[in-house]
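Based on the sequences and whatever the hints tell you, model everything.
First to last, the protein sequences are chains A and B. According to numbering that gives the first Met the number 0, the stretch in the first sequence is residues 0 to 210, in order. According to numbering that gives the first Met the number 0, the stretch in the second sequence is residues 0 to 405, in order.
FYI, nobody ran anything at the bench for these hints, they're computed from the structure. Quantities reported herein were computed from a predicted structural model and do not represent experimental measurements.
Listed below are the simulated EDC-like cross-link pairs for lysine to aspartate or glutamate, each with C-alpha atoms no more than 20 Å apart in a straight line: (1) A:LYS131 <-> B:GLU240; (2) A:LYS186 <-> B:GLU240; (3) A:LYS164 <-> A:GLU24; (4) A:LYS71 <-> B:ASP265.
Here are some chain A residues the structure puts well away from chain B; computed CB gaps all over 10 Å: (5) PRO40; (6) ALA124; (7) ARG134; (8) LEU137; (9) ASP146; (10) LYS150.
Idealized CB from N, CA, C, for every residue including glycine.
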Amino acid sequence: MMSQTGHVLSQLLEGKFICQVTDEEAWRFLKRRENADKLEPHLNLLNRTLTSAADGEVFFAAYLSLGDDERKVLQNQFQETTSALVPLVEWLVLVQQASEADMPVTMGSAIRLNELQSVIEDTPAYAEQLEKISRYRLFNSTSVNLDGQLKQVFRRLTDMGYLIKPNQDKQIYLATGRIEHLYDMLKFIDETESLSLSEQAEAAISQGNLL
Amino acid sequence: MSQALVEAGGKLLNALGRHSELIMQAYLTGHVNEQVYSKKVLDQLVQLQVLWRPDPQSSLRLKAAVRTLLEGSLQDERNRTINANIGASLASLKTLTEHYKEALHYSRFNEAHAHMTDLTEHVYQLTESLANSVRVMFSRINNEFGYVASVEAKIRENELAQSQVSELLTQLECFRFDELSELAGSNRELRQLLVVALQQNFSKAAQELAVAQARLLDLLGRFREFQGRTRLLKGFLLHMEQQPDFAPGNYANLSGVPVLFNQSADLLGDAHVDVNNVGQENEHYQIIAALTDIQRRKETTVPQASAADIDVSEQESVALDKAPIQLAVEAYFCDVIDSGQPCSALTYYAQKSLTFDPEAWIYQVIGGYQALDEQDKQFFALDTTGQTDPTFSGNFYINDITLGLR
Chain A
0 MMSQTGHVLS
10 QLLEGKFICQ
20 VTDEEAWRFL
30 KRRENADKLE
40 PHLNLLNRTL
50 TSAADGEVFF
60 AAYLSLGDDE
70 RKVLQNQFQE
80 TTSALVPLVE
90 WLVLVQQASE
100 ADMPVTMGSA
110 IRLNELQSVI
120 EDTPAYAEQL
130 EKISRYRLFN
140 STSVNLDGQL
150 KQVFRRLTDM
160 GYLIKPNQDK
170 QIYLATGRIE
180 HLYDMLKFID
190 ETESLSLSEQ
200 AEAAISQGNL
210 L
Chain B
0 MSQALVEAGG
10 KLLNALGRHS
20 ELIMQAYLTG
30 HVNEQVYSKK
40 VLDQLVQLQV
50 LWRPDPQSSL
60 RLKAAVRTLL
70 EGSLQDERNR
80 TINANIGASL
90 ASLKTLTEHY
100 KEALHYSRFN
110 EAHAHMTDLT
120 EHVYQLTESL
130 ANSVRVMFSR
140 INNEFGYVAS
150 VEAKIRENEL
160 AQSQVSELLT
170 QLECFRFDEL
180 SELAGSNREL
190 RQLLVVALQQ
200 NFSKAAQELA
210 VAQARLLDLL
220 GRFREFQGRT
230 RLLKGFLLHM
240 EQQPDFAPGN
250 YANLSGVPVL
260 FNQSADLLGD
270 AHVDVNNVGQ
280 ENEHYQIIAA
290 LTDIQRRKET
300 TVPQASAADI
310 DVSEQESVAL
320 DKAPIQLAVE
330 AYFCDVIDSG
340 QPCSALTYYA
350 QKSLTFDPEA
360 WIYQVIGGYQ
370 ALDEQDKQFF
380 ALDTTGQTDP
390 TFSGNFYIND
400 ITLGLR
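Dropping the structure here:
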């Protein structure tokens with residue numbers, strides 16, 4: 000049997016994101032300062048350090064010092080991330096629009112696949128959008144029917160750790176802390192590249208209103 | 000006088016009960032569908048002040064008093080009005096107290112009693128309306144303004160609720176307990192009403208309102224966060240539409256990589272088995288026992304037979320040929336019938352010099368006898384000759400059998 004410390008450490012070393020939704024016990028463990036301090040030397044030994052994002056909602060392991068090898072890994076990762084941004088954001092917008100409450104997907108949001116599917120089926124524009132999203136290389140669906148596309152997209156998102164399925168028999172998915180990490184990355188890109196995305200969106204909305 | 004009042008009240012309540020369907024329909028849709036109900040009924044309800052017509056063109060609507068009654072009793076969340084007019088109520092309380100004190104002073108006890116009842120009613124009404132306002136506020140907070148769909152609408156609702164809370168709080172400041180206590184003087188009943196009852200409710204309401212205000216601010220923050228996120232997502236898509244070749248700078252190349260993009264690769268692989276570890280021997284055995292050995296057979300390739308024409312015109316009749324031993328048994332049975340004398344199987348065997356194995360012959364004879372149907376069996380008797388086993392009781396060795404006619 001592994002102690003809680005060992006469990007959390009191995010999760011971190013496996014490159015997993017730890018948040019309240021994926022593993023509440025581990026998350027609470029990391030929230031305590033002394034526990035985090037206890038882990039840090041172990042991580043440092045392997046050139047890693049404990050990092051958090053989204054105001055301490057998500058924990059993951061980052062490199063302590065960056066050599067050439069580490070940079071290569073990070074660059075690959077970065078390429079993947081940036082190429083995944085558009086499909087992910089389009090998916091987020093689709094889910095938000097198709098859900099009745101018009102609430103953005105955040106950590107802990109429950110997505111009921113059946114409800115989502117029936118809304119998308121009833122709205123041709125959403126179905127078209129889903130088809131487009133599922134064709135991205137990130138999701139890589141070859142299915143021609145809506146059911147297969149939706150299932151493939153959700154399966155991939157679960158594999159990548161953006162969603163988890165708490166009960167294997169039920170088609171209900173929960174958004175994990177990785178979604179928060181994604182928002183953080185978007186915010187970071189927005190600020191660093193001075194894109195002023197919110198202002199663009201607002202301008203577009205007000206123009207829509209004028210028309 | 001009071002009898003007339005009771006009667007009128009009963010009439011009103013009866014009317015409400017009788018036309019409950021109409022009233023509920025009006026409550027839900029906001030107006031009465033006049034085509035459906037008879038004019039007489041509608042006129043009666045108008046006369047009883049249940050329905051009214053705001054102006055000649057508009058349709059009949061429920062009176063505010065009835066609506067408030069329904070909203071209060073049904074705890075309907077659509078009830079968004081909050082009666083904040085505490086100042087006026089307080090003023091009327093003061094006036095009534097003066098009346099009461101004056102009546103007492105002149106020893107007009109009947110009058111004083113009437114004023115007291117009135118005053119009690121007013122105080123409780125005030126406390127009830129306070130409690131109700133707070134309850135309404137909380138029910139709206141608790142379902143996060145679920146009755147409106149969009150985040151923008153929620154934000155507007157939240158702002159309305161905040162203004163109502165601050166309005167209520169300023170109204171609560173109208174309570175001046177020093178004045179009230181001075182007004183009540185040394186009268187026990189007045190003190191009970193004006194100081195104790197009011198003060199308890201006041202502090203409760205003030206406390207709950209403070210909590211409500213904090214929750215509202217909290218919610219507003221969350222709604223704004225949602226709004227911000229939605230804008231961020233939509234803005235990003237818009238940006239990508241306008242500049243499809245946009246790529247963020249390669250942050251991994253910066254000298255200080257931002258924390259968000261510094262994510263270490265996975266490190267842990269699976270461990271391997273240590274067969275020299277005696278402590279784990281048991282587990283290893285279990286694992287091996289649980290292994291399923293898959294043996295794949297080499298596929299034998301059957302050359303596909305070429306299709307042949309099947310002649311379906313004539314089918315040969317199939318006859319079941321009896322084995323020679325069976326025919327011999329039948330002959331033996333016939334011989335017994337013909338001769339009418341019992342004959343042992345082996346004797347017959349010797350007579351006809353049959354070539355089967357003698358044991359098989361005896362078995363076949365027994366089998367042949369058993370195979371006869373019940374009726375035919377009646378004609379024959381089968382007798383066995385042999386000896387019992389010298390050692391084990393219950394075992395009987397058959398040497399020969401004799402078949403005879405009954």
